[in-house]
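> Listed below are the residues making up each chain.
Protein chains: 2
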Amino acid sequence: MVKDQDIQKLKGFREFLPGEMIARRKIFDSMRKVAEKFGFREIGTPSLEPMELFMIKSGEELVQQTYSFKDKGGREVTLIPEETPTRARMVKENKDVPKPIKWFSESKFWRYESTQRGRLREFYQFNYDIFGEGSVEADAEIIAVAVEMLKELGLEKAAEIRINDRRILESILSTYGIKQSMVEVLNIIDDKEKMSQKEFLNELVDAGLSKKESKIVNKVTELSGNFEDVMPELEELVPDSDDSIEAYKRLLKLKELLDSYDVLDNCVIDLSIIRGLAYYTGMVFEIFDTEGDLRALCGGGRYDDLIETLGGEKTPAVGFAPGDAVIELLMKRENLWPEEEVETDVYVLNVSESVKRKSLEVAKSLRDQDLRVEVDLSGRNFGNQMGYANRINTKKLVIVGERDLEKGEVTVKDMVSGEEEQVDLKSLEGYFQ
Amino acid sequence: MVKDQDIQKLKGFREFLPGEMIARRKIFDSMRKVAEKFGFREIGTPSLEPMELFMIKSGEELVQQTYSFKDKGGREVTLIPEETPTRARMVKENKDVPKPIKWFSESKFWRYESTQRGRLREFYQFNYDIFGEGSVEADAEIIAVAVEMLKELGLEKAAEIRINDRRILESILSTYGIKQSMVEVLNIIDDKEKMSQKEFLNELVDAGLSKKESKIVNKVTELSGNFEDVMPELEELVPDSDDSIEAYKRLLKLKELLDSYDVLDNCVIDLSIIRGLAYYTGMVFEIFDTEGDLRALCGGGRYDDLIETLGGEKTPAVGFAPGDAVIELLMKRENLWPEEEVETDVYVLNVSESVKRKSLEVAKSLRDQDLRVEVDLSGRNFGNQMGYANRINTKKLVIVGERDLEKGEVTVKDMVSGEEEQVDLKSLEGYFQ
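Chains A and B, in that order, give the protein sequences. Residues in the first sequence are numbered consecutively from 62, following this note's numbering. Residues in the second sequence are numbered consecutively from 62, following this note's numbering.
Read the hints as simulated data drawn from the structure, not as lab findings. Heads up, a few of these hints could be off.
Given that identical chains are not distinguished, each listed pair holds provided it fits within a single copy or across any two copies.
Taking lysine-lysine pairs in the BS3-like style, the calculated list, with each CA pair at most 30 Å apart, reads [said to hold, decoys possible]: (1) Lys310 with Lys160; (2) Lys310 with Lys456; (3) Lys393 with Lys153; (4) Lys425 with Lys212; (5) Lys240 with Lys314; (6) Lys314 with Lys425; (7) Lys310 with Lys417; (8) Lys94 with Lys153; (9) Lys156 with Lys87; (10) Lys169 with Lys72; (11) Lys169 with Lys153; (12) Lys487 with Lys393; (13) Lys72 with Lys160; (14) Lys375 with Lys280; (15) Lys169 with Lys156; (16) Lys310 with Lys280; (17) Lys212 with Lys487; (18) Lys425 with Lys280; (19) Lys87 with Lys169; (20) Lys87 with Lys212; (21) Lys70 with Lys131; (22) Lys393 with Lys156; (23) Lys87 with Lys131; (24) Lys456 with Lys87; (25) Lys456 with Lys94.
When you get a sec, could you build the whole thing from the sequences and use the hints?
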């Protein structure tokens with residue numbers, strides 16, 4: 062049996078003291094508030110699922126990067142690395158929910174990956190999804206939610222939404238003869254930001270493209286900037302096929318809607334945004350800090366085939382999922398992280414053992430008004446109670462003493478100004494409102 | 062690769078739709094509110110820990126009832142079945158936090174056990190603990206928190222706190238010569254509520270007690286009722302040793318404090334309450350529904366040796382941990398479970414495509430006032446928008462139409478009364494406050 066030794070927490074896992082938790086709770090509450098304003102409803106999901114649920118969407122390779130194991134009943138199970146497959150099952154099993162279905166959740170996720178700055182093995186993530194609606198209006202609303210989240214966190218200047226439509230990119234590349242190695246080329250584009258331009262061109266040539274084609278891919282994926290500037294440039298590149306023109310028109314409509322939502326200034330077009338290849342079918346986006354020195358804050362996009370792949374009816378879907386790790390890095394860099402400070406509204410100090418009972422009654426009456434109230438539990442004297450009250454950041458002290466009580470009074474001391482006041486016990490309940 | 066098949070969630074795991082989540086969130090908010098009123102601070106803990114962290118406290122046998130496995134790095138890890146060992150580590154590693162330390166958390170836990178009514182494999186639990194304070198005042202405050210929780214949930218009549226002090230029970234049993242088989246006897250008492258009286262007596266005889274001794278144990282553990290009635294009976298039984306008398310006096314003091322906290326009526330003494338043998342050192346309690354047909358809602362007590370056992374400094378501790386499962390059963394039985402109903406404050410209905418932009422602007426201005434607002438994402442006509450608005454429980458409809466807009470107005474319809482009113486766009490922002 063192990064004893065007396067230090068058992069540390071696992072690498073890539075975090076524990077939070079009250080101050081850290083107060084800041085974190087504020088962030089989470091902001092993200093919740095945004096969801097609610099747009100009519101998203103909270104759902105709750107299991108943290109452990111049959112492993113095969115993730116095999117369908119992600120394949121064996123990605124499942125390697127999860128916490129998967131055989132449970133004591135011999136079932137292969139996985140600590141959820143994401144929530145989409147679970148949501149797909151819930152959509153499928155609840156056919157009578159009116160569409161569009163707008164769901165959000167605040168969940169923990171786990172991935173067995175090497176830890177880096179902003180990448181942990183256990184992390185929190187909000188998931189926002191709209192199911193059952195394939196329109197560009199739904200795309201625009203998801204982006205509006207993302208911008209509103211940035212605004213709630215004060216990050217609307219420090220970060221921006223980088224948007225692409227994969228169908229446009231693919232059709233442009235096809236027109237230039239890049240067809241057979243499309244998947245490989247998209248993968249290379251997805252890694253573009255990690256490479257120098259020379260490396261990028263070399264990778265494309267290695268994938269079988271001519272030097273000329275590589276340069277075209279480079280040029281196309283360099284295309285980024287605000288909608289006003291980029292749309293005309295893009296129009297010239299869009300091939301003369303029905304699909305491409307439709308995708309381009311949809312992007313124009315998206316621009317117009319984002320303007321109506323008053324979020325267009327927070328968005329740019331960026332033809333290098335791919336979001337991996339797994340399952341996105343149209344519009345994709347990522348949120349980056351404008352200085353570009355952090356990983357993406359989060360990403361999202363449209364995935365219209367996934368629910369069907371997972372065994373449900375064909376159901377269009379669009380969503381995004383901000384995690385807590387990179388948001389925390391960015392907010393701290395921008396000095397926007399909430400103060401990590403615990404507070405107590407009132408400490409009820411008893412001057413002597415004889416007034417203990419009365420002090421507990423006073424504490425109770427204040428708690429009944431939803432104030433955060435502490436009392437002495439340790440039999441401390443006046444000075445030590447005062448010291449503790451100070452250390453737990455008490456705003457007001459209610460001092461219960463025998464002589465005051467004889468007059469039916471207590472002393473209220475403001476811990477910031479130091480001012481003291483005699484207050485009638487009967488009017489104490491109203492005093493703090 | 063698996064396709065097109067039904068992958069169900071695991072047995073003993075739950076998923077929650079928005080209605081269920083709204084009710085659940087209310088319960089959790091109540092439990093959070095109680096913690097805050099008493100000055101408890103929220104902490105956050107990892108869901109996965111090194112397995113040996115649980116071996117120390119619970120031993121190999123209990124670890125068998127957990128989700129434990131080797132991670133991809135070969136580490137033996139466990140999905141947390143409880144939070145106390147993690148908290149013990151946090152107390153140990155943060156020596157400068159002022160004592161008493163009062164922590165709460167809202168966490169998920171996992172146990173690999175056979176599922177029953179009110180016992181699941183994945184469940185939520187609030188943990189409330191006071192560390193660094195061994196006084197009876199801390200015991201009383203923890204019980205006061207538990208009663209306040211019942212009151213917040215409306216369960217103060219439907220459930221009660223059953224309190225014991227294990228030192229008193231042990232000293233009484235010792236006096237009657239029951240010493241060598243004490244652990245076994247306590248185990249049998251712990252299971253008493255699951256047995257008939259005859260079974261109980263037989264088990265005690267099997268454990269080596271004489272028939273007479275068995276009857277004494279039965280009599281002592283039958284002792285239960287309100288403090289006023291039981292304390293005199295108990296006084297007669299308390300052996301004449303310093304330890305026993307001290308424990309008895311502490312119970313008297315607890316009674317007095319519970320009275321000051323105004324929670325005495327919600328508490329009874331019950332000498333059969335043991336709370337397992339693992340680590341409790343003094344006062345223990347369980348919360349039961351007064352009709353007695355459900356499992357315990359939760360339990361708690363004093364555990365003054367555990368932090369030291371886990372490698373920290375000697376640190377007294379008292380706490381309790383209500384889970385969500387039995388509370389839900391009881392609240393539903395008592396018709397106290399919150400309504401599982403989603404609500405939308407405003408649906409902004411656009412009469413035609415031409416006013417779409419305006420309707421999005423109206424929606425934005427209402428969201429800026431923190432209202433929960435939905436708009437059409439599907440290009441639906443008037444009637445279908447009305448139908449959707451109904452299905453998502455909209456309270457007010459804002460109808461944006463061309464003719465109204467020409468006059469700078471919209472129509473506001475109350476979805477309950479059906480009343481309609483023309484409202485100037487400029488005064489719409491104030492209209493819903």
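> Can you give me the call for Lys456 and Lys87, within, between, both or neither, at a CA distance of at most 30 Å?
both (20 Å within a copy, 28 Å between copies)
> Given a CA cutoff of 30 Å, do Lys314 and Lys425 count as a within-copy pair, a between-copy pair, both, or neither?
between (59 Å within a copy, 18 Å between copies)
> Can you tell me if Lys425 and Lys212 fall within 30 Å by alpha carbon in one copy, between copies, both or neither?
between (39 Å within a copy, 13 Å between copies)
> Within a copy, between copies, both or neither: where do Lys212 and Lys487 come within 30 Å Cα-Cα?
between (45 Å within a copy, 24 Å between copies)
> At most 30 Å between alpha carbons: which applies to Lys375 and Lys280, within, between, both or neither?
neither (36 Å within a copy, 67 Å between copies)
> Please work out whether the CA atoms of Lys393 and Lys156 approach to 30 Å or closer within one copy, between two copies, in both situations, or in neither?
Between copies, since 26 Å is at most 30 Å while 43 Å is not.
> Given identical chains, is Lys456 near Lys94, meaning Cα to Cα at most 30 Å, within a copy, between copies, both, or neither?
both (28 Å within a copy, 19 Å between copies)
> Classify it for me, Lys94 with Lys153: is the Cα-Cα distance of at most 30 Å met within a copy, between copies, both or neither?
within (27 Å within a copy, 36 Å between copies)
> Pop the pair Lys87 and Lys169 into one bin, within, between, both or neither, using alpha-carbon distances up to 30 Å.
Both. Shortest intra-copy (17 Å) and inter-copy (20 Å) distances satisfy the 30 Å Cα cut-off.
> State whether the alpha carbon distance between Lys310 and Lys417 is at most 30 Å within one copy, between copies, both, or neither.
For Lys310 and Lys417, the Cα distance is within 30 Å only across copies (18 Å; inside one copy 74 Å).
> Is it within a copy, between copies, both, or neither that the alpha carbon of Lys425 lies no farther than 30 Å from that of Lys280?
Classified as neither: same-chain Cα gap 70 Å, cross-chain 37 Å, threshold 30 Å.
> Go through the copies and call it for Lys310 and Lys456: within, between, both or neither, with a Cα cutoff of 30 Å.
Neither. Shortest intra-copy (58 Å) and inter-copy (36 Å) distances fail the 30 Å Cα cut-off.
In terms of the numbered hints stated before, the structure departs from hints 2, 12, 14, 18 and 23, listed from lowest to highest.
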